[in-house]
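Peer 1: Here is how the chains run, residue by residue.
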Amino acid sequence: MDTIEKKAGRQIDVKHAENVVIRFSGDSGDGMQLTGTQFTDTSAFFGQDLSTFPEYPAEIRAPAGTVAGVSGFQVNFGSKEIYTPGDAYDVLVAMNSAGLKSDLHKVKKGGIILVNTAGFDKKNLNLAKYPEGADPLNDGTLDGFTVYKIDVTKLTKDALADTGLGMKEIERSKNMFVLGFLFWMFDKSMDYTIGFITEKFGKKKEIMDANIKALKAGYNYGDTTETFTTRWKVDAAKMAPGVYRQITGNHATAIGFIAAAEKAGLELFLGSYPITPASDILHELSKYRANGVKTFQAEDEIAGICSAIGASYAGALGITTSSGPGIALKGEAMGLAVITEIPLVVVNVQRGGPSTGLPTKTEQADLFQALYGRHGEAPMPVIAASSPADCFNAAYEASRIAVEHMTPVMLLTDGYIANGSEPWKFPSASDLKPIKSIFTTENNNPGGKFLPYKRDEKLVRPRVKPGTPGLEHRIGGLEKQDETGNVSYDSANHEKMVHLRQAKIDKIADSIPLAAVESGKEKAKVCVLGWGSTAGAIKTAVRELIADGHDVAHVHLRYLSPMPKNLETLLKGFDKIIVPEMNLGQLAMIIRGKFLVPAESYTKVQGLPFTVEELKTRILQTINSK
Amino acid sequence: MSADTTTAKLTAKDFASDQDVKWCPGCGDYAILAQVQRVFPEFDVKKENVVFVSGIGCSSRFTYYMNTYGMHSIHGRAAAIVSGIRATNPELDVWMISGDGDSLSIGGNHFIHLLRRNFNVKYLMFNNQIYGLTKGQYSPASEKGKTTKSTPYGSLDEPFNPAELALGAKGTFVARTLDRDAKHQQSILKRAHEHKGTAFVEIYQNCPVFNDGTFFIYTEKESKMEECLFVEHGKPMVFGANGDKGIKLDGLKPVVVDLAGGASVNDLWIHDETDRTKATLLAGLFDNPAMNPHNPRPFGVFYKENRATYEEDLINQINAVKAKKGPTPLDRILSGDKTWTIA
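Just so you know, the protein sequences line up as chains A and B, in that order.
Residue numbers 837 to 1462, in our numbering, belong to the letters of the first sequence in order.
Residue numbers 10 to 352, in our numbering, belong to the letters of the second sequence in order.
Source of the hints: derived by calculation from the structure; they are not laboratory data.
The reader is advised that the hints may include incorrect statements.
Label pairs and their calculated CB-CB ranges [claimed, not checked]:
no.	chain 1	residue 1	chain 2	residue 2	range
1	B	Phe295	A	Gln1133	55 to 65 Å
2	B	Thr20	A	Val1334	31 to 41 Å
3	A	Ser1122	B	Glu241	42 to 52 Å
4	B	Val54	A	Asp1346	41 to 51 Å
5	A	Gly1101	B	Arg47	53 to 63 Å
6	B	Ala352	A	Ser1122	34 to 44 Å
7	B	Glu231	A	Ser1327	47 to 57 Å
8	A	Gly1429	B	Gly177	47 to 57 Å
9	B	Leu261	A	Gly1002	48 to 58 Å
10	B	Lys334	A	Leu1432	56 to 66 Å
11	B	Ala352	A	Glu968	24 to 34 Å
12	A	Asp1411	B	Lys334	57 to 67 Å
List of simulated lysine to aspartate or glutamate pairs, EDC-like, C-alpha gap at most 20 Å [to be verified]:
no.	chain 1	residue 1	chain 2	residue 2
13	A	Lys1036	B	Asp29
14	B	Lys331	A	Glu1103
15	A	Lys1261	B	Asp340
16	A	Lys1285	B	Asp281
17	A	Lys1301	B	Glu100
18	A	Lys985	A	Glu1062
19	A	Lys1261	B	Asp346
20	A	Lys1290	B	Asp27
21	A	Lys1069	A	Glu1315
22	B	Lys55	B	Asp259
23	A	Lys1269	B	Asp340
24	B	Lys31	A	Glu1315
25	A	Lys1123	B	Asp29
Ideal Cβ positions, reconstructed from N, Cα and C, are used throughout, including at glycine.
Only chain A is shown next, with the shape it has when bound in the complex (with noise of 0.2 Å):
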C-alpha cells in the first residue's frame, strides 16, 4: 500500500511498511552502536515493537577498516509483534568498505543499501580485502539494490565547517549526519536524539552544537535532495496498552536480582571476575551503592563465587555472574554450595566455546554444563531466559528459587539476548511475586541440639545467619548425616543424603508454572519445543506456519531442572517433536532420554542466533515428512 508525497514539484514514493530491519555496519570508531541505540529509541517512543541485535568484534579496538573490526547494530522495527531482530536486511548503512562487505549478502534482494563513499577509497578497499582494483559501488556488485551513495564524510565537514572544531571532531560526528538522513527517510523526529545529545554534551557546547547541527543536516539532505525518492511510513504497534522502557538482557537480569533482594528483604551481594558477555551485569549492579548493593570484583571466577558462597552464608543473597568458561572454573564451589544448601544463584551469559571460544558470539552449548557440570550427584535447579526483558523474570524467579529452597541455581541467558534489546512493559514493585526468605531463631531440637539439616515439608533445611545465639552450629564440603549435618561417612546415610539432596530440587516442580503451548494448539501434529533465546524466531516461525495453515505449535521450556510436571504428558500428545538448539542437541537427548519420546533435533552452531526462514525450512520439512 505505497502512497506518494508531492513536495516542490518532486515526487516521493511513501512505502507502508509492517516491519523494517535496519544494519548499521562501521568501524569500531563509527559510533554504529549509539546510532543504532538512537535510532531504536527513537522508534520505541513512537510507539513501534522492537529488536535489536548488536554485533561487536571480539577485538576493542581491531585494526580500523577491516572486516574483523566491523562493529554493527541490528534493529528490527513495525507496526507489528516483533519478536527477533530480523532474519535480512531491508537498509543496509555501511561507513566503510568493510562494512559493505561483512554484511552484504544478508541484505535482502531489493533492499537499500546506503554507503558513505569516503569509505571506499583504494586504502579502505584494500583494507577489507577487496582484490586489488575492484569498485563494489560500480562494478555490478550492488546490482538489484537500491544504492544511495552519499559523502557522508564530506557532507558532515561542509555542514561543520564554520563551528571552529577540528577535523577529527567533526568526523566524529559523521553518524549523526547518517541518523538525521535516516531519520528523513523513515519519517522520525529529531526530537529524541536531540534531547540525548543536549544531556550528553551538555557541558561541551561546541560538540553538542555540532551534533545536533550534523543530525539536522543529514535530515535536511534527505528533505532537500532530489535524488532520494522514497520514504518508509512505519504505523505505531498494537501493543499492550501500559508503560514502556527499553532494555537489554543483561540490564533486565541485574535489576531482577535488585528486585528480588528488594523483595525477600536481602541484602545484594554480587561475587564477580569479568568476563564477556557477562560483565554488563557487573558494571550495572555497581551502581546501586546507594541501594546497599554489594559489588565484589573478585580476583578470579572462583573466588566470585566462593565470596557469593560466604555471603549468602553470612545472610545475603549472593549472586555471581560469568559465561561458560567462568563456570567451568566455579564448578566445585557449586557443589559446596549444593552440599551445604546454600541461596546462590549462579548466571551464565553462555557464548561460543569451547575454551575462549567466541567471546562475542551466542550459543546455547551450556546445557549439560549447567545441568552436569559438577562432580558427584549435585542436583541445581537450571532455569533459562527467553528474551532480552525476560531475563529481569528469570532473575527474579532464579532467585526466589534460591532463597525459598536453600538451594544454588543457574541462570542460564547468552551473549545474544544479553547484549540485545527490546521495549518492556515493566511491572510495578508491589506486582512483584512476594519471596519468603526465613532466617531461624529458634532451636528446632528443644532440649537438644539444634538440628541444621532438619526438612520442612519441600525438604528445605533451616536457614541461619551466624550471629543467631545458641544456634552455633558447622556446615562443609564433607558428607552430612542426616539431621544434624555433622560429618559422616556412613554409607547408608550417604545414598539416603543424595536422594534427599535430588528429591529436594525435584520438589521445587511443586511451585513452578505447568507447561503450555506458546503458539498452535494441544496435540498438535508437529510440536517445536525450545528453550532460551530461541523464543523470538521460533514464535514467529510458529505462527506464520499456522497463519499458513500449518498444524504445529510451540512450547518453550524456562525451568530445565526440574522440568514442569505436566512436561511429558504435553509432549506425548503431540505426533512429532522438532527441538531447535543453537548447540549440537542438548535438549533433544534429554527429552530423549526422560520421556522416551522420538524428538527431532535442528541445531545451529554458528555463534548466530536462528533466523525465522531456517527455521521455518526446517519445521516444514518435519511437517511434510511420513
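On the provided structure of chain A, position chain B as indicated by the hints.
Peer 2: Just chain B, lined up with the frame of chain A:
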C-alpha cells in the same frame, strides 16, 4: 546449649564442639586447638558472633572442633569465602584456618588478594611443610631437595617464605609462632585478635607422621634458645641460651653479634613492628639451620600496620553515595529514566 551462654563467663570448654577430634596422635594441631580454645574466653566477643572458616587439609578440620559457627569449605578457597562473609556482616569475628598447601599452593591467589584487601580476618596458617591429608607429598613450604612420595629424588622447587610473601602481598599484620610454645602462641593469638585487618599468623606445626621433627630445632629446649629469635616491639633483638647473642643491622644486613664477646646491647637492632622495610629484613631471616653459620629464625609479630579494612571502605562508600543521592526506589529502578506510554 542456651542463649545465655552469650552473657555468662565462658571457658575453653564452651568453645569445644561435641565432635571427636580425629587428628593423628601427637599432631601439632591438638596444641593449636587447645590454645585457641583457651584464649577465646579472654576475648570480649559473643560466641554466636564467632565464625571459623577453613579450606581443605588436616588443619582445616579445625572448624568442626570449635563450638562456634563454622564452614569447612573447599581447597584453598576459604580466603574468598571469608571475604564475602566480612563484606556482608562486619559484626562477625571471623577466623580462617588453613595450611601451607591450602594457602600457598592451591589457594595462593586468594591468599595474596585477601592480604592486600585487608578484610578483618584472623588467618591462622598451620605450616608443617608437608601435605598430610594426601599422605606425604612435599608442599610449597618444603625445603628444596625434600624427598617425599612424589619427589623420590628430591623436590626441585624453591620454597616460599610465607612471612615474606605475606608482607609482599601488603599484609597489615604478619606474625610467626610455634605449636609447642603455648605461651608464645597465646600471646600472638591475642595480638592477632586485637588487630583490625587481616592478621596473618604462621604457626610452625609438627606432622608426626609425614614430617616429624622438622621444627624440633626451634621447639625443643636443647636448641630452641640458640635457634629462635623472639622479637618484641621496642626491644633489642637478643637470643641465645644465655641471652648472649644479638642481631645488629649493618646497613641493611642483619649480623649476629656476640654480647659476651664485647658487643653492646645498645648497638642491637631494636624491633619496630611498624617499619615495613625492617619487617621485610626480619622476615628474610630464613636460613636453613643446617647451614653453618646461620641466622636464627625469628618469631613474634614482624609487622603491624593500621590501614582501613576493605569492609570499612565498602560501608563508607555506600554511606557516602547514599548521602549524596539516596537510594533509588525500586519502582524507579524498574522504570529507568526513559519510558513511553501505549494508550
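Peer 1: Which of the listed hints are broken here?
Peer 2: Of the numbered hints given earlier, those the structure breaks are 1, 5, 11, 13, 16, 21, 22 and 25, listed in rising order.
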